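> Residue numbers (the working numbering), protein chains in the order written: chain W, 1 to 361; chain A, 1 to 294; chain X, 1 to 300.
Any given hint could turn out to be false.
Chain X regions said to be covered by chain A (calculated; three or more residues, Cβ under 8 Å) [unchecked claim]:
| # | segment |
| --- | --- |
| 1 | 34 to 44 |
| 2 | 47 to 60 |
| 3 | 148 to 159 |
| 4 | 173 to 186 |
| 5 | 278 to 286 |
Rather than coming from a laboratory, the hints here were simulated on the basis of the structure.
All values derive from a computational prediction rather than experimental measurement.
We put the CB at the ideal spot given by N, CA and C, even for glycine.
Here are the chains, one letter per residue:
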Amino acid sequence: MAAVVLDDVVKAFGDVVAVDHVSFTIEDGEFIALVGPSGCGKTTTLNMVAGLIELTSGTITIGGVVVNDLDPKDRDIAMVFQNYALYPSKSVGENLAFPLQMRKVPRAEIEARVKRAAEMLSITQLLNRRPRQLSGGQQQRVALGRALVRDPKAFLMDEPLSNLDAMLRVQMRTEIKRLHQELSTTVIYVTHDQMEAMTMADRIAVMSGGVVQQLGTPNEIYDQPANMFVAGFIGSPTMNFLRGQVGTDGGRTVVHGEGWELPLTDTNSVRARASATGEVILGARHNTMTVLPESAEAGVPARIYTVEPTGDLTYVHLWLGTQQLVASAPGTFRGAANQPIRLEFDQARLYLFDATTERAL
Amino acid sequence: MSRHRTDYLWVAPALLVMLLVIGYPFVYTIDLSFYDTPPSSANWYFNGVNNYTQILSDPFFWAVTLNTAFWSVGSTVLAFLIGLGAALVIQREFVGRSLVRGLLMIPYVISYVAAAYVWRWLYHSDYGLISGVLYDAYIIDAPINFLDSTSNVMPSLIIANVWKEFPFAMIMLLAGLQTVPQQLLNAARVDGANAWNRFWHVTVPTLRGVIIITSILLFVGNLNSFGLVWIMTGGGPANASQIWITEVYTLAFQSLQYGRASAYSVILFIVMLALGYFYVRALTSGSRNREARG
Amino acid sequence: MTTVAGVRPRGRVAARGWPRPRIKTLDVIATLWLILLLAFALIPMLWMLSTSLKGQFAALAQPPEWIPSHPTLDQYQTLLSPTGTVGPVFLRYFLNSMIVSLTTTALGVLIAIPAAYAFSRFQFPGRDVLFFAVLVRNMFPVVVFLIPLFILMRALHLVNTHWSLILTYMTFGLPLSIWLLKGFYDNIPEELERAARIDGASRFKAFWLIIMPLSSPGIIATAIYAFIGAWNEYVYALTFLNSESLLTLPVGLQHFFTEFATNWPGLMAAAFIMSVPVVVMFMLLQKQFVQALTEGAVKA
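The task is simple: from the sequences and hints, build the whole structure.
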């Protein structure tokens, strides 16, 4: 097991910069997730760590050794791919044995390791089958097994669960996490699914446009997003964003939006005034707002657009002025389209972003 | 499930033409093979299997068979290997790749008549380029007799044939190589496989179907390849380059023994069918056995 | 601990030194091999060209001259001039080849396309049968068909006409073309046609307007294959045609040069001229050809 360090890593394909000066350290034994939308550079970064792609500049260090010029096979890393990449002409057992064969491990030890990996992943009864005879979940386990037999310095996983159906995905998530805890392995896990990242990782690196937008623990990323992208990417349903102008109204700092106004608390006022242009974007998660009847005094006036009951919660889509929001209400909530209500914001959990830089204020 | 009559309209022209121009001669030839067709008389009388027995007991037939085996196996193996090598190297990305690919295909697209004459010229015992260059470089001290020597003629023909044919193997294998999944190669790289291992463990298994198809088409094509040999040597010198197909032509159009020639062809055809069948079975049964065990 | 990156202005790449070019041995071997292949493939053709530009004596010079010291276009002029003894005959051969090849191609494609489509959509017995047909057709010694076919053509009064050739040539490529095209059509989802038919098009119209354009690489490949096959064919042309005025190039070529002592430069020039159309056609359309092979043949 080893630490992996990325130092000012850049990857350019001609004029297109896929990975733009990425630097961070992955501690030994840590499970780190690279999350982001398609094209954000996370897979490219992973492939550079693996050695499948060459760096344009920067260095990557594994276990204290700079690996830029090393072939994948010399880096002592194992990889799990999105579509499993199992050798179709080999049996499961042969698939598991292959990496060891390539390293000329003695046969007795190969058998022992294959057996051990198969037991760990409960696939011992599949050892003689061909990949095409297995289900998606089973194939994924074999792919994991092939990585496990090696006992490498780091595990690299490229969206390994994306091809599985929802239920299997949840199941495999827990298994991978359990494996990580048992083996204390260093894991770099790439995914576009923020839920996977949140539930599995020790730390998360959120990427967009080739840049690491924020690196932190799941809680930090959720509670203290550094910018709008991170705030909007993490958490489901997505955070609501409201654009507005900072102004004053009778001594209090107020944010004026299109058809609505929100007075701010003192703490929030200070933050809002830090904006250079005076334009801010408010961020509020669905569960930090309360839907009140029209007659209430607190909150701001709003209008119901549509209501989505899910049993446990009810998602209420609202018009606030000309902007739409989603708030959640208890499952017992009843409302009708066009019904006027009042919306109260929990200002302690309100986020403020500079409208131009999109950074958190 | 019955379909509309109009559906058959789509296939009718093709089927008709093929029936006429392939089916009819096919049946006719088989029929004719049972007749004795003396060139001197217009009477063709039924001969039973005499033609066949005569052929199979003739030592000359077996000599020609040996030649044919040498010719087809040699050409196929060489054309395949060179084609494979060409495909592997063309597959990589480099500037001018399609141009190079196109240039390499030229031997395949030109007429075998043109090819035969060029190679005859290259092999010319007095003025040929090959002898000339080697002589000039003091590698040999007398011009090599390529096409006039009974021992040199077959290898010389094979080289000319391979020259003409390898682009076909190249293009088929190239198409096959595109189907090798990149991620599988990546997985093998990470697993520690070097270039050769990747080739052997990933590329070759993926290509198995294409390999079979290509080699069969090559082999059968070679067995049937008439024009090149005929124009270059006519089967000589002294029948040293006589292969089945040129022998058939000689029998039919020079000795005018149509019946025997037809019998010859039927024998050829049966052999090719059998070879093809066993070949395919051998290559696919291996995998089926392994699957059944699992 | 949270590290934060703001939204950086994009496009700023400060490359710290070029990545060191690693010259791998594999690259060197590959390049050498490629050069060897190109030499193998092209030297005969270049020698053909070189010889064709020489005079009679120069061609026979020893040691052989790579680049002719006195290049001359004499042979080409002789072959291509509409006056004189040789030119008109050669041009006639050229024209005949063109006629036969183009007609074969047009008809062959015209017939193969609907057949392939039918095989693809109407659930006739599948590719394996077709492939088998391709193999069988290749397996039977083609020269033997000469006899029955000659008799057939005589019965149809087609001997010594171009039609005998056209009819025969069409069958050479037909199974393979159908097989290739069927592969193409298999890859085009049926929903497209269904959508068109729901919109009111007849089955034929749907095919013509929508499916055909999508399979154009396959059609082009079929056409190339048919053309090249017809253009280069020798044995049947030799057998079926008698009149000097009807001969195609491959046969005419032989006719030319067995009469005199072999005029090698002339022969090479004629061979070169004969090769030009097919090579040019192929070079221009090779992308489609390769694509067709990939889609149609290999995705089996």
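> Take the hints in turn and mark each one as holding or not.
Each hint tested on the structure:
no. : hint       : verdict
1   : 34 to 44   : holds (count 7)
2   : 47 to 60   : holds (count 5)
3   : 148 to 159 : holds (count 4)
4   : 173 to 186 : holds (count 3)
5   : 278 to 286 : holds (count 5)
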